[in-house]
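Assemble the whole structure, with the sequences as input and the hints as a guide.
Each residue of the sequence shown is one higher than the one before, starting from 1 at the first, in UniProt numbering.
Think of the hints as simulated: they come from the structure by calculation, not from any bench.
One or more of the hints may lead you astray.
Taking lysine to any residue pairs in the SDA-like style, the calculated list, with each CA pair at most 25 Å apart, reads [unchecked claim]:
#1 K163 to K44
#2 K163 to H144
#3 K35 to Q61
#4 K186 to P197
#5 K44 to L114
#6 K150 to Q202
#7 K199 to D189
Taking CB as the label site, the calculated pair distances span [claimed, not checked]:
#8 P197 to E56: 39 to 49 Å
#9 H70 to K198: 38 to 48 Å
#10 K150 to V80: 30 to 40 Å
#11 P55 to E146: 37 to 47 Å
#12 G43 to Q117: 28 to 38 Å
#13 D107 to D147: 20 to 30 Å
#14 K21 to P197: 38 to 48 Å
#15 P197 to S71: 31 to 41 Å
#16 I109 to K150: 26 to 36 Å
#17 E146 to N120: 11 to 21 Å
#18 N166 to H70: 17 to 27 Å
#19 D189 to P55: 38 to 48 Å
#20 L121 to E182: 32 to 42 Å
Ideal Cβ placement from N, Cα and C applies to all residues, glycine included.
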Amino acid sequence: MNILIIDDDPSLRYMLTEICKHAGWDSEIAENGQKGVDLFQEGKYDLILVDYHMPEMDGIQTVKAIRSLHSQIPILVLTVDERQEIADRFLQEGANDFALKPVKAPDIISRIQLHVQLANLKGSQAQDDNVYSSKGISKNTLTHIEDYMKKQPEPSSVDEISKEVNLAYPTVYRYVTHLLNEGKVKQIDSHQKMGRPKKLYQWYSA
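Right under this line is the structure:
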């Protein structure tokens with residue numbers, strides 16, 4: 001497996017390279033978005049790690065450029081910014097998921113393994129992704145979340161779903177919202193002893 005790492009922080013590039021080496025993967029590095037896009041056009045990669053905050057060409061612009069060249073390559077964003085509006089912009093441009101900084105080796109390895117596995121799923125992926133791409137939704141990721149929710153007898157919070165399916169909170173939130181809008185899941189307000197009601201979600205089996 002070959003991973004493309006795009007990040008302007010040399011220490012993080014080194015750490016990610018070492019993590020890939022530990023996992024038995026090859027990796028190549030680019031110190032900014034433009035060089036990352038150039039490398040992507042020249043090489044063959046299984047997954048791309050993209051930093052958000054970079055000079056000249058930030059992560060959103062980089063994701064958009066790469067996605068215009070390839071519709072299926074998994075793209076994981078590295079960021080310290082957990083704002084939902086930022087996550088929505090990345091997902092809209094074609095990112096698949098997020099890895100929050102500071103990066104932890106077990107987390108990034110498991111996310112990479114999951115997304116490469118999802119990308120390798122056969123069937124009508126290309127056609128389905130074209131249908132969902134305008135909504136920032138990947139069919140394989142959507143199916144992964146659907147399969148988990150269908151098996152749960154009790155409603156779950158976004159945080160609980162996130163931990164079980166090994167996807168970042170902003171990613172799961174967007175997909176659950178999509179399923180809610182599609183009428184496939186229902187929202188349940190769980191009233192706590194203190195504070196605001198907790199929003200739980202359950203597959204709509206009616």
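Consistency of the hints with the structure:
Proximity of K163 to K44 is assessed by CA-CA distance (about 31 Å); at most 25 Å being required, the pair is judged violated. At most 25 Å may separate the alpha-carbon atoms for a hinted pair to count; K163 and H144 meet this at roughly 13 Å. Using a Cα cut-off of 25 Å, the hinted pair K35 and Q61 holds, with the two alpha carbons roughly 13 Å apart. Proposed proximity of K186 and P197 is supported: the alpha carbons are some 15 Å apart, at most 25 Å.
Straight-line distance between C-alpha atoms of K44 and L114 comes to about 19 Å, which keeps the hinted pair within the 25 Å bound. Between K150 and Q202 the CA atoms are separated by roughly 8 Å; this keeps the pair inside 25 Å, and the hint holds. At most 25 Å may separate the alpha-carbon atoms for a hinted pair to count; K199 and D189 meet this at roughly 5 Å. The hinted range of 39 to 49 Å is satisfied by P197 and E56, whose Cβ atoms lie roughly 45 Å apart.
At about 39 Å, the beta-carbon gap between H70 and K198 stays in the expected band of 38 to 48 Å. Judged by the Cβ atoms, the range 30 to 40 Å given for K150 and V80 holds: they are separated by roughly 34 Å. One distance hint, 37 to 47 Å for the beta-carbon pair P55 and E146, holds here, with the actual separation near 39 Å. Take G43 and Q117: their Cβ atoms lie about 21 Å apart, and the range 28 to 38 Å is violated.
At about 21 Å, the beta-carbon gap between D107 and D147 stays in the expected band of 20 to 30 Å. Distance hint check: the CB atoms of K21 and P197 are about 47 Å apart, consistent with the given range 38 to 48 Å. The supplied range of 31 to 41 Å is met by P197 and S71, whose beta-carbon atoms lie about 39 Å from each other. Roughly 27 Å separates the CB atoms of I109 and K150, a value that falls within the hinted 26 to 36 Å.
A C-beta distance of roughly 18 Å is found between E146 and N120, which places it inside the suggested range of 11 to 21 Å. The hint said 17 to 27 Å for the Cβ distance between N166 and H70, and at roughly 23 Å that hint holds. The hinted range of 38 to 48 Å is satisfied by D189 and P55, whose Cβ atoms lie roughly 44 Å apart. In this structure the hint that L121 and E182 lie 32 to 42 Å apart at CB is violated, the actual value being about 21 Å.
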